[in-house]
Amino acid sequence: MKQYEGLKYTDDRHDAFWLAHLFVLGILPEGYIYPKEERPVRDLLRKRASLVRQRTAHIHSVRSLIERQTALRLSCREIKKLEVRDVEEILREESLILSARANVAAISFLTHHIRVIQKAVKSKVKLRAPFEYLRTVPGIGEVLALTIMLEVGDISRFPTVGQFASYARCVPTERISNGKSKGRGNRKNGNRYLSWAFVEASQFARRHNAKFSRYYQRKAAKTNKIIATKALCNKLARICYYIMRDQVPFREEAIFC
Numbered sequence: 042m043k044q045y046e047g048l049k050y051t052d053d054r055h056d057a058f059w060l061a062h063l064f065v066l067g068i069l070p071e072g073y074i075y076p077k078e079e080r081p082v083r084d085l086l087r088k089r090a091s092l093v094r095q096r097t098a099h100i101h102s103v104r105s106l107i108e109r110q111t112a113l114r115l116s117c118r119e120i121k122k123l124e125v126r127d128v129e130e131i132l133r134e135e136s137l138i139l140s141a142r143a144n145v146a147a148i149s150f151l152t153h154h155i156r157v158i159q160k161a162v163k164s165k166v167k168l169r170a171p172f173e174y175l176r177t178v179p180g181i182g183e184v185l186a187l188t189i190m191l192e193v194g195d196i197s198r199f200p201t202v203g204q205f206a207s208y209a210r211c212v213p214t215e216r217i218s219n220g221k222s223k224g225r226g227n228r229k230n231g232n233r234y235l236s237w238a239f240v241e242a243s244q245f246a247r248r249h250n251a252k253f254s255r256y257y258q259r260k261a262a263k264t265n266k267i268i269a270t271k272a273l274c275n276k277l278a279r280i281c282y283y284i285m286r287d288q289v290p291f292r293e294e295a296i297f298c
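Residue 42 is where the sequence shown starts when you use the working numbering, and the numbers rise one by one after that.
Among these hints, one or two may not hold up.
[To be verified] The calculated DSS-like cross-link candidates involving lysine-lysine, where the alpha carbons are at most 27 Å apart (straight line), are:
#1 K266 - K121
#2 K223 - K260
#3 K160 - K88
#4 K88 - K165
#5 K77 - K165
#6 K88 - K49
These are computed hints drawn from the structure, not numbers from a lab.
In this text, all values refer to a predicted model and were calculated from it rather than measured experimentally.
I would like the entire structure built from these sequences, with the hints used as guidance.
The following block contains the structure:
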């Protein structure tokens, strides 16, 4: 914990005195200790997210290879259904087939273990209050709701919605003085797994909900797609905060009024 600039001498004794002084004043910031009994399931769900990202990399690799060699554009869903014989029919060159075969085998392997982990997580933990209404939010299914629940822990540790959005990495980091940017803060300060969950939710929300889609398009027209995605993430994070805090279902008319 940083004290103040210009100190000429510090040691453990002085640091301990400084921490004790903050504690007496009641301004010593305290970290949240996640419940020990829930950590294994949370880590298992994090492993699933890691495998999903690895599978996505292999899917894009095969998709790019096929598009470069044959000018054939396949969707990610079609790529996930490919088998070795399908690759051999699409790609005629032996070296290309060998490369794509490795990706297809990896996709199949990762998909199997993603399903195994997902089944295990669902058998070990269920959505509980105040997280049971998260599934009413467009773009959030059972897996993302479980991810948010296990990453948040106790929603009461966030006094304000801004603190929760910051923890989910859904707010910009910038230092502004006299209308000019003077640098950026620590943009990676927060929970990267929660950030990933809201990015995934934003992708589904804008595809399957007309109002979220229009909100995204308005932001994208003014800025760019990346900023528009993070703006939608921020809105979803704020929605989820109030749903978890107040234990109420999602109401579209209250968001876009």
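Comparing the hints with the structure gives:
1. For the hint linking K266 to K121, the alpha-carbon distance of about 26 Å falls within 27 Å, and the restraint holds.
2. Between K223 and K260 the alpha-carbon distance is near 24 Å, which keeps this suggested pair within the 27 Å criterion.
3. Taking the CA atoms of K160 and K88, the gap is near 13 Å; set against the 27 Å cutoff, the hint holds.
4. Pair hint K88 plus K165 holds up; C-alpha atoms about 15 Å apart against a cutoff of 27 Å.
5. For the given pair, K77 sits about 15 Å from K165 by alpha-carbon distance, which is consistent with the 27 Å threshold.
6. Among the hinted pairs, K88 with K49 is inconsistent with the structure: their alpha-carbon atoms are about 45 Å apart, more than 27 Å.
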